[in-house]
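Work out the full structure: start from the sequences and follow the hints.
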Amino acid sequence: MPPSMSIVLDLTVIALANEPAPLQDALQAASILPWWAWVLLLFLVTFVLGVIAVIGGVGGGVLFVPIVGGLFPFHVDFVRGTGLLIALAGALAAGPTLLRGGMANLRLAMPPALVASVAAIFGARIGLALPDQMVQLALGITILCVVAIMLISRKSANPDVPQADSLSAALKMHGAYHDPFDNREVIWKIHRTPQGLALFVVIGILAGMFGIGAGWANVPVLNLVMGVPLKVSVGTSSFILSIVDSAAAWVYLNQGAMLAIIAVPSVLGMMLGSTIGVGFLSSANVAVIRRIVLGLLLLAGVRALLRGFGM
Amino acid sequence: MKQHSVKARMKAVARIGDAVLRVSRQAWTRLKARARLRRQHRAKLRNQRLKYVSAEQLVYADLLEAGVAVGRIFLAFTFFLYVSGIVAPKVAFSDLPAYWSLSASDYLQSAGVGIGWNWFAQVDNSDYTNFIGIAFLIGLTIFCYLRLLQFAWKYRDSVFGAVVALELIVLVFAASGLLASSH
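Protein chains in written order, with my numbering: chain A, 1 to 311; chain B, 1 to 183.
Don't take each hint at face value.
As the list claims (entries may be wrong) - SDA-like mimics (lysine to any residue), calculated; alpha carbons at most 25 Å apart, straight line:
| id | chain 1 | residue 1 | chain 2 | residue 2 |
| --- | --- | --- | --- | --- |
| 1 | A | K189 | B | S158 |
| 2 | B | K90 | A | W38 |
| 3 | A | K172 | B | I169 |
| 4 | A | K155 | A | R125 |
| 5 | B | K51 | A | A169 |
No lab work stands behind these hints, which were simulated from the structure alone.
Computed from a prediction, not measured in an experiment: that's the story for all the values here.
Have a look at this one:
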């Protein structure tokens, strides 16, 4: 540690001699980099994550939480709170375009969002109450499951739904959109609504517990289980995130698990990265970027798992 | 001779004035025509969209777009106030590395901030001023859902109204801070 930094830390320790024990312990372990260097590094990392997230077709939150949680000295509580905020900010920004274009459907999104937001509140409460090591362990397992889902799940552009179930009919969960690629009108309806809603309870708990957003799980459930066309599944998934993450984010905010110095640069970096990433979308090799994303998630998942085991 | 020159100048000025007036009128007419065309184009787009998208969905999108724009400005402005040092923060920048490695509950205890909406009492500190923008973005969905209630009433759609009302209850409950507890 450089002498100047050591002096600053010594002075801070003296100044805060009457502070509670956890703060003194944290001061002893304070990082060798100055605060602004961490913030700058955080902005750069979230910017890069924003670029590769948008090209790799994943949400920012699922990359942010395991990677920043593993590389930065921030407590996992603040990382999860910020992860939710990143996922929320991205979903809110994309919402208007998706809703206007018919790629997100309000009537389709509302019932899953309702059950998932209740579950996300419980998930957030559970996540904040669990010991750190257990959170890391569960996060590692979840991230490795995300990688598995991304590797094995197949998508169906327009699933065959012979007949809408009675619950989806009562909730008017059907619609139509104009597909400019094929220049045709796609009319869709859904089935297996109760099973889909049950899965959204699990998704909500995971989203709230780890602050990782849940687009990776929303899309397969909407598309493969409920029979929603792929484009509407992707758009509606993002819209559902904006509701579910807002419910969980309140819990994190009210529990003190948000720090402006972590949250704002991360949100700004991710937004800027996503904006620039969209520009690379047509020229970038999406398959390679997707492999990089999977590799990063795999490493982050294993690292979280090892931390969970105390290694 | 001199009188003649003054008259000629006045005529020239009048001609220039007429020309300026004419050009201004033409420009104004063109601007009005363009604005009318833009309005018509927007209305056409909206009508086309209404074929596939419900009116409440479009209203939700408009409200969300405006809210996100306001939230971003808020977030950027309050963060500038924070990092520029114009307004003093609750936790000094030099102490941040010690605080951000604490758990949320230890952080609140060390910083002397309570759980729930107690952060609102700290908004005169620049680190907590940022929370206004954050809370605004998190709370945006509540405003959008409140607008949806009007549509449920207008359509007399009890199922739609029930789903909207239940989600509102969940979000307001989460926002209330009643769930916050010290571990």
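Problem set entry | Earlier hints that do not hold, by number | 4
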